[in-house]
Amino acid sequence: MRRATLADVAAAAGVSVPTVSKVLSGKKHVSAATRDKVLEAVRAFGYEAPRPPATPRAGIVDLLIDGLGSPWAHVVVDGAERAAARWGFSLVVTSSARPDFDLRRWIGIMRKRGTDGIVLVLSRANAEEIRAIEELLHVPLVLLDPVGQRDPSLSAVGATNWNGGVLATTHLLELGHTRIGFIGGPLDVQCTLDRYEGYLAAHRTFGIEPDPGLTRYGDFLVSGGKRHGAELLDRDDPPTAVFAGSDLQAAGVYQAAAERGVRVPAELSVVGFDDSPLCATMSPPLTTVRQPLDEMANEAVRLISEELTHPRGPAGTRIELATTLILRASTAPPAGG
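Per UniProt numbering, the very first residue in the sequence shown carries number 1; after that it's consecutive.
Because the hints were derived from the structure by calculation, they are not lab data. All values reported here derive from a predicted model rather than from experimental measurement. A hint or two may mislead.
The list that follows gives simulated cross-link-like pairs (lysine to any residue, SDA-like), each with its CA atoms no further than 25 Å apart [stated by the list, open to error]:
hint, residue 1, residue 2
1, K112, H138
2, K112, I65
3, K112, S95
4, K112, L137
5, K112, E306
I would like the entire structure built from these sequences, with the hints used as guidance.
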């Protein structure tokens, strides 16, 4: 008995061969009724799609990141480079912050040159851009420290941001602080929301209602931390402590405090987030929540390697690595407390 063909399935379902191909490859733009008819015909004929020939490996993993100027980015790239070598790849890094960067052109370069997988570290990538990368390149894609609303169909590696918010705020509450400022990143960034929810949860545990006037949102940069730190310190009832959403923001709070003659930690305790190399060089050294960025980068590359070996294995995998509080010298009990 001859083996069923796509044409047989298409004729039985009353559709075209390209439509059958779309259904079998999981493509969109096919109605549910048509999809059901095609799948019924596939089952009736016992059709099995021929296995495609193995695609030669390029030996390359690409990392697209939206900036290389921060200590955070340096840790990520270093971790990804070591991970790539560990899993048998070379790493190619591209910064989307370049003035001449164009996503479509970059995708074209990837298609021509070839890549085995892509790690995206983008604070402003939207769903359409991510889908364009997926659909045009057809290689494993992993989001590192993802932002925005989580897409369960995409593999992602992040950290326990909610728990990090709890750790930072609990530490300050245990020292006796009851007026704790929160400076986060953009409101549409998931990690900002998670860290803020952790901040609120810690307050609830202590039976304290946080002052909403002590909350600020903006960016994760030094300039944002300085601006928001100044706003908080210039209040008639300033906070005695600040939980900043990044180490860079914490550095900006230090600057705002220094300009006002406010001493850290004698008059203002500060906690950051990330545990970048910057922390140990600050004066005083910064207490912060550690994201295991190097381990996160390793997991992202490992997922790509696994998906290449088992194509339907880790798709949609979500990994969250533990955050930990790193105590240094920027926190103390409130003055007179």
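Open item on the list: What's the verdict on K112 and I65, does the C-alpha distance respect the 25 Å limit or exceed it?
Closed with: 20 Å, holds
TODO: Assess, step by step, whether the Cα of K112 is no farther than 25 Å from the Cα of S95, and give holds or violated.
DONE: 19 Å, holds
Open item on the list: Just to be careful, I want the Cα atoms of K112 and E306 compared with a cutoff of 25 Å; is the pair within it?
Closed with: Holds: K112 and E306 sit about 24 Å apart, inside 25 Å.
Open item on the list: Next pair to validate is K112 with H138; report whether the Cα-Cα distance is within 25 Å.
Closed with: 13 Å, holds
Open item on the list: What's the verdict on K112 and L137, does the C-alpha distance respect the 25 Å limit or exceed it?
Closed with: 10 Å, holds
Figure legend: structure checked against the earlier numbered hints; every hint is met.
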